[in-house]
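**Q** Residues per chain are reported as follows:
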Amino acid sequence: MTPATSAGIERSRRGVPLIDGVEKVTGRAAYTADLDHADALVGRIFRSPVSHGEIVRLDVANARALDGVFAVLTGEDCPHTYGVLPVAMNEYPLARDRVRYRGEPVAAVAAIDAATAQRALDLIEFEARELPAYYSSAAARAADAVLLHDNKPGNLEREVHHTFGDLTAGFARADLVREHRISCAEVNHAQIEPHAALAEYQPLTQRLTMQSVTQVAYYLHLMLAHCLDMDASRIRVIKPFVGGGFGSRVEVLNFEIITALLARAAAGKVMMQLTREENFLTHRARPQTDVRLKLGMGRDGRITACECEVTQRGGAYAGYGIVTILYAGALLQGLYDIPAIKYDGFRVYANLPPCGAMRGHGAVDTRHAFECLLDRMARELGLDPFAVRRANLLHAPTRTMNDLMVNSYGLPECLDTVERASSWRERIGKLPPGKGLGMACSHYVSGAAKPIHWTGEPHAVVNLKLDFDGGITAFTSAADIGQGSSTMVAIAVAETLDVGIDRVRVVAGDSAIAPKDNGAYSSRITFMVGNAAIDAAKNLRKILIEAAARKLEATPEDIECVGEQFRVGSGGQAVLAFADVVQAALVDVGAITVKGTFTCPSDAQGGRHRGGAVGSTMGFSYAAQVVEVSVDEATGAVTVDKVWTALDCGHAINPLAVEGQIQGSVWMGMGQALSEETRYLEGLPAHASLLEYRVPTIAESPPIEVHIVESHDPHGPFGAKEASEGALAGFAPALVNAVANAIGIDLDELPVTPDRVMAALVERRRRARLGSLRKVAS
Amino acid sequence: MAQGQADSRKRILRLKLNGRWREDAVADNFLLVEYLRDVVRLSGTKTGCDGGECGACTVLVDDRAIPSCIVLAIRCEGRSIETIEGLASQGRLDRLQRAFHDKLGTQCGFCTPGMIMAAEALLRRNPQPSDSDIRTALSGNLCRCTGYVKIIESVQAAAEMAS
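Top to bottom, those sequences are chains H and C.
Per my numbering, residue 1 is the first one in the first sequence, and the count goes up by one each step.
Per my numbering, residue 1001 is the first one in the second sequence, and the count goes up by one each step.
In short, the hints are calculated from the structure, not lab data.
Remember, it's a predicted structure, so these values are computed and weren't measured experimentally.
From the three backbone atoms N, C-alpha and C, an ideal C-beta is built for every residue, glycine too.
A few of these clues could be false.
Using C-beta positions, here's what the derived DEER-type ranges look like [stated by the list, open to error]: (1) C:Arg1125 / H:Gln202: 51 to 61 Å; (2) H:Gly590 / C:Asp1133: 55 to 65 Å; (3) C:Gly1019 / H:Asp502: 28 to 38 Å.
Looking at chain H on its own, in the form it has when it is part of the complex (with noise of 0.2 Å):
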């Protein structure tokens, strides 16, 4: 390790690579499936084959009975249902009575060797007396429909029904009101990496260790207590490298309470890896979306009301089922100045796997509806996309409607930016046949200001460990799951400490270490975490800099600490080595450990009605986007060209990392946008492979040019906001507006597949058709 000089700042201009990337890019990281499992038993799950029905047999003794087979468990060996969201709890590990969907875990094994658990598996006898089964929304919500959970009428997991500001007032204002109604498909996060979970029992000692592809141990942690019914100080979790999760990890898993389970019954070690179709089952996505929205508008490009109402159709269970629909319409706010918004919501159960959070999280088919809409209109009145928005900005510092703060506000320049970059106002209407540009703008939340479990603990805590040896290790449970979280805690600890970076260790996800954390999840890490990291830093720096003054002999305020060397005022003589300063802040007390944290404040939790936490946070990121395609006519296929993207993340503390993230959301909302889709034939999944969901090749990803715009937010670390989630929600809207554009037609469907593309063209055709023998014939 060399010692480094630079200072902190100046080297983060450029960004770092990933301080744990040498191991990845020599093949050394070891994911949760390359840990040691040669003594391990393999786990696997029998899974309903009815899409919903009352289970009259499960017959499990020849499984059990079947040699190297150490334990077969059933929905009778867990009486816990489990769950995300402690008011939404509803899932058991392994359905007891009834099953919901198809793919449902109903049994599982612990044998010798995966042919045996094979054979375990083919042994189960399984009887469901089935009941009507339900795959849309629509179907879901009849009258007559059977219930899910009995105390859900309706199939209706939530409903939200929020009114802010006048909105008969609003729309009477309007000279120009327009409605639509968009669909958007179910997509899925597809990580690369398959779910795995490795689990060891001791029974002599009664503890658990558990290895799993986690986003949040913490809750994994409380859910194994809960459902294995064990003290939780007993158990450990660690979490090993992931291999993404973009929101598929957040909530606990079934196969992770199911491998637990089953090594505690087997008494010993189990290891579970899931097929990439198991993976689409056990996905908790982004819903299939119907979105109803209606807009006023004013002739100079004003939004006077504005009305929504969204359908999700979220799944058998609830997962996290109730934010996803209160984000939806929480975040109509927080983008642009609208007087008056209302927004129903319908969370509705179906017999389909549970979605859950995804990028963008409730957010992204609402912005899309929105974005679409704010183009139409404003063609229709005659202004351009960008004077449209710009009509529309907020003022910061302030509060929306449903009072949500708005600290910083990096909007009008990221509109600006993009504008520029892609000489918008030199190409639009010059543009070939064909050829399309479009635009969009959206915003996310830089972490949710209120946690989903209400503890009083400070929402972010971070530990640092200085020793003889002059390293610095910073302890943290934010888990790194390719985002670059880890790299981002040493970059904080390093700046405020005025220290290389080499010098900074980052030991993240182990609960027997390092200090819980609230996870990888809206978005959080940066804004809190690296809040509780500086905050911990410089309780350090005050350390080292009382140990320098009493060694030099000066008070600690004329103390100077630059590029790790210490002296008394500028110019001061007498300099000490940072290794003499730890050197003395030792003595009499040893190894020095300090704390840091970070909480939100209650003013920014949200507002007082029914839901209203959620979209609370304590600053948006902001993105405007630039999208051209080219369209054949002849065969419907969408190409994306170019994709320009500025985003307001306040500081980019790594501009490296903050690329990445940027070019990574903004390509994942083209999957989204152009490709992918899930499909179900009767509950059976008929896209649960990476050649049939399909996610873009390289072949047909375009450049994406990302410009970062830093409005220096007040509470964020150095003024950053996150940047990982803010650009995705645009792309779809300035996709859709592209096509409009190129060709004319306005898509009211997600994804813009090329048999979408073809059937509105031959409509068109058709129409024309129509119009001209009408023509003729008066």
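Following the hints, position chain C against chain H.
**A** Using the frame of chain H, we list chain C on its own:
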């Protein structure tokens, strides 16, 4: 996945792995990826799908990039197999590893070994690939994090480095 059953027939497989000849008793039905991960215990080669969908398991077989999850190990008798573990030597990163690290061609890292091996095969047969050569060569390797922009930049940077 692992199919190390006592009842499957095994034979001695002789091949060159990362520059060294070796012999192992390998079941007839073992896939190359299973041989690498479960027999040799080189876990850098990943499995991301149920067979030939994602490219995470890409290795070199006689200089060609092959998904090791759809090749039987015994078909590699006498051949030269190279995995991600074979690229770095004497504590130095290979040019592609260096570039993927410096340019953030890797985020979560799960697709990275396969991506780098596919790129390695490309650079061996085409040291100065165009943008479209890179896109064609890597089109069987899915990445869910980067949007591929920095992967292309990484391969270009590696091509520019004197190896």
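**Q** None of the hints should be skipped; say for each whether it holds.
**A** Structure-based check of all given hints:
1. C:Arg1125 / H:Gln202: 51 to 61 Å: With a Cβ separation near 52 Å, C:Arg1125 and H:Gln202 satisfy 51 to 61 Å, so the hint holds.
2. H:Gly590 / C:Asp1133: 55 to 65 Å: For H:Gly590 and C:Asp1133 the Cβ distance comes to about 58 Å; the hint holds.
3. C:Gly1019 / H:Asp502: 28 to 38 Å: 32 Å, holds
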